[in-house]
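Enquirer: In order, the protein sequence lines correspond to chains E and U. The opening residue of the first sequence carries number 1036 in my numbering; numbering runs sequentially from there. The opening residue of the second sequence carries number 778 in my numbering; numbering runs sequentially from there.
The hints are simulated quantities; they were obtained by calculation from the structure and are not laboratory data. Incorrect hints may have been included.
Simulated pairs of lysine to aspartate or glutamate, DMTMM-like, Cα-Cα distance not exceeding 25 angstroms [to be verified]:
no.	chain 1	residue 1	chain 2	residue 2
1	E	LYS1129	U	ASP936
2	E	LYS1101	U	ASP818
3	E	LYS1129	E	ASP1113
Fair warning: this is a prediction, and the values are worked out from it, not measured in the lab.
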Amino acid sequence: MKSGVKWSVAAAASLCVSLWAIACGPTGGSYCSDQRDCMGGNDQDEDVCNSWFDYQKDIASTQGCKDEFNAYFKCFFDLAKCVTTNTGHVCHVKTDCEESPAGATCDGAECVVKTLALQDQTECEQEKLDYSNCNKLGEDPFPSQ
Amino acid sequence: MHADKMLSGALVLGLLVAASTSCSRAKTLCGLVCDCQHCNDWEETQTCDQISLSQDMASSYSCDSAWDAWADCFENSGNCYDSQAKYSTRDLGSCNLDVSTGIGCQATSECTTHDQTYFCSNNVCVYRACDNTQQPCTTNQQCGQGDDKCNQASLTLLDCERQASDVNVVPVYGEMPAPP
C-alpha cells in the first residue's frame, strides 16, 4: 500500500511537470528526485530536500514573489545539469571528505561535490535577477557554476 | 468493530495532538525571538519557517530528541538583549559602560582635548566601554559575543543528522537556524 502511494505520488509529480504550463507550478518532488539522482542520498535526504524546497516556496510566497520564484525555478529545472566539482581533497572513504564542502563524497581518490546546477552564469539570468529584486532575503536558492 | 473505531479515533486524536505539540514548540521558539526582536510579519514568517524547517529536517533523520534538546537549550539559555533588540544564546557585550578617566570637567569640549572619544559625565571625563570586557568601544558589535551556550546541543544534532544522511546533505539545504 505504502509503495503504491509512493508510485502514485511519483506519477502525479511526473504528470505535474509535463503539464507545468497548464496548472501545476513547480514541484519540490521532481527537483529533489533529480537532485538525489545527481548527488546520491537516501529517502531521508530526499525528505529533507522536499522540506527545504517547501521552505523556499513559503519564503517566496510570503514576500509576494511567488511568480518570480516559479519562473526562476522553471527555468532552472529546465536547464540545470548534474555538475561534478573536485574539491581538491584526497580520500579513501566518504568520511575523509567531511572537511570538504557540504555534500562532498569520495569518488575515485578525490572528494567531489555533485549537484544540480546551471552551466553558465547567463542561463536564467533574467529570471534570477527578477527573483533577487523581489526577494528581500537576497539568497539564491539555485546554484550556478 | 466498535473497538476498532475507538482505536482509530484515538490514533487520529493522538496524531493531531502530536502534530500540534511539535508545531507549537517551533512557534514558541519563534515567539521568543520575534517578541524580543520586534519582527514585522515578514520577519516573523521567515523566522518561524526557518525553525520549523530545522525541526522537519531533524524529524526526517529521526533526530527528534536531539532537536528537542537543542530547543530546550535555545528556550532556557537564551536571553533577550533589550537594548539591542536581540535574542541570543550567547553573552552579547554591550557598549554601554562609562569608564572614568579621573579628569574633571564641566563640558565635553574639555574632555575631547585629551581624546576625541571622551565626554563629560557628572563632572568627570569618561569613555564608553564594553560591559563585558571594559575595552573602549563605539558600537555593540565591537564588544563581540561570548560562546554559544547551545553549541554542544547544536553539534549533537548536526552529528545525528550527518550519521543518518548518505551525502552529508544537511548544510546543503541550510544548517539549523544559527542562534540569532
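Enquirer: Is it true that the CA of LYS1101(E) sits at most 25 angstroms from the CA of ASP818(U)?
Expert: holds, 17 angstroms
Enquirer: For a C-alpha distance cap of 25 angstroms, please report whether LYS1129(E) and ASP936(U) respect it.
Expert: Holds - the C-alpha atoms of ASP936(U) and LYS1129(E) are around 15 angstroms apart, at most 25 angstroms.
Enquirer: Mind checking the alpha carbons of LYS1129(E) and ASP1113(E) for me, to see if they're no more than 25 angstroms apart?
Expert: violated, 31 angstroms
Violated hints amount to a single one, hint 3; each of the other numbered hints is respected by the structure.
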